[in-house]
Amino acid sequence: MGFWGIEVKPGKPYPYHSDNVPGRLHVTQATLGLGSSSERSIVQCSIGHKGPIFLCSLLPNKNESCPLNLEFEEDDLVAFSVIGPRSVHLTGFFESHEEEGIRDDYES
Amino acid sequence: MGFWGIEVKPGKPYPYHSDNVPGRLHVTQATLGLGSSSERSIVQCSIGHKGPIFLCSLLPNKNESCPLNLEFEEDDLVAFSVIGPRSVHLTGFFESHEEEGIRDDYES
Amino acid sequence: MGFWGIEVKPGKPYPYHSDNVPGRLHVTQATLGLGSSSERSIVQCSIGHKGPIFLCSLLPNKNESCPLNLEFEEDDLVAFSVIGPRSVHLTGFFESHEEEGIRDDYES
Amino acid sequence: MGFWGIEVKPGKPYPYHSDNVPGRLHVTQATLGLGSSSERSIVQCSIGHKGPIFLCSLLPNKNESCPLNLEFEEDDLVAFSVIGPRSVHLTGFFESHEEEGIRDDYES
Amino acid sequence: MGFWGIEVKPGKPYPYHSDNVPGRLHVTQATLGLGSSSERSIVQCSIGHKGPIFLCSLLPNKNESCPLNLEFEEDDLVAFSVIGPRSVHLTGFFESHEEEGIRDDYES
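Going line by line, the protein sequences match chains A, X, R, F and Y.
Counting along the first sequence from 1, when you hit position 69 you're at 71 in the numbering used here, and nothing is skipped either side.
Counting along the second sequence from 1, when you hit position 107 you're at 109 in the numbering used here, and nothing is skipped either side.
Counting along the third sequence from 1, when you hit position 83 you're at 85 in the numbering used here, and nothing is skipped either side.
Counting along the fourth sequence from 1, when you hit position 106 you're at 108 in the numbering used here, and nothing is skipped either side.
Counting along the fifth sequence from 1, when you hit position 73 you're at 75 in the numbering used here, and nothing is skipped either side.
In short, the hints are calculated from the structure, not lab data.
Keep in mind that a hint or two might mislead.
For chains that are exact copies, the list does not tell them apart, and a pair is met inside one copy or across any two.
[To be verified] When the alpha-carbon atoms are kept at most 27 angstroms apart in a straight line, the in silico BS3-like pairs for lysine-lysine are as follows: (1) K14 x K52; (2) K52 x K64; (3) K11 x K64; (4) K52 x K11.
Can you make the complete structure from the sequences, with help from the hints?
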């Protein structure tokens, strides 16, 4: 299914759900959104009832992009959120299990 | 089919189409083009009618290259564009489904 | 099984064990925790009785995130620890051998 | 066949050819060579008769290494070159199609 | 077999040999060792009788970690060495061909 991207805004946790399409989400990049604040923005991830874990820290005018390599399954209850003044764009790609199935057809 | 590369210029969105070759485009790097401006250049991606999402932010004299890991299918209606004064070179590689088929022949 | 993440605090080595689920842990990112110190925090890893090896070095206000690409099997006796004043969040994903098995069912 | 590495010197384009071994070259890193100039060195790649595309930009004393993720097939007519005062070392690995064949033997 | 790590000290080239275990070594990260010098440390790699190629350049207090993506086979005659005042820790993982064999058993 190709490209996936969201903008996570400060104070607005972004729950991930795969719209009932079984598959695997690969999150591969974070980039700082527009704004004038020079304070860091940290992206964190919460799974179920566990406390949040930091995924990356972006520093305006120093490091505004960060490669990631994370995978989520459709039954993970995930929420992304931002600590800091500026939004963060997360990008990656989604691989549906159906696609894997199609590939398997080629292989067998 | 190997290497893929384009230069995206400010103000000129670059639509991606796979020239009717079924396959998957891997975009793996962004590098700032030549120029004297010291302002950031942001690469963004639009899919269909959705708003653009930032892929990376390049800072002259600080971070002029950024690794990416994005995949696009031939039926994604994608356009890359740049916010900022300098162009950005995107590179990666294209894997045709035919190649996958050839590999499958080896495997079966 | 998807996402994996821990916070490793200074002075508190974090032993990794896979809770008896056979599989492979992929550690793909390290991010500096909150704090005011500007000294570096180094993440290191000890396996069995061997001396620790540095995995990455994070510099406050300069490089607060670092991509990693490490794999651990369930029978590795691993402990992560931090040298420095601030904690480090490690993230990645866990792939159970059962999942591989399921994939194999699709393939055969 | 494992490790691959070259040094590309300013003013001396480096044509890549696979010495008639069918396979795929993975270029995964660029590192600035020795020298005293503090000006950037840009690595670019030309394929056939198309204009060159920038692969990365290295900044002395700031960012002297850059991860890449590029793949070239043996029938790509590729030349690497450097814009700037200092050489750049490119590294990666070569996977011959014969190796893939050997692996297939294991699999079938 | 999981995690692999070594510390390469200045002036002491570190020959890699796989202890007669057939497999593939993935080197995925370099991190600067402890020390007070602020000069760069460069990691280089020699294969057989060829001249050394730079793998990465680490800058104290600026970029002390660097992701790599290199693969070595057990019959590569490799030596890692450091140019500069401080040691460098290299990490990654080793995949034995036996493991691939085990995986193949699952698949067939």
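Consistency of the hints with the structure:
{"no.": "1", "hint": "K14 x K52", "in the structure": "both (18 angstroms within a copy, 20 angstroms between copies)"}
{"no.": "2", "hint": "K52 x K64", "in the structure": "neither (31 angstroms within a copy, 29 angstroms between copies)"}
{"no.": "3", "hint": "K11 x K64", "in the structure": "both (20 angstroms within a copy, 23 angstroms between copies)"}
{"no.": "4", "hint": "K52 x K11", "in the structure": "both (21 angstroms within a copy, 17 angstroms between copies)"}
In terms of the numbered hints stated before, the structure departs from hint 2 and from no other.
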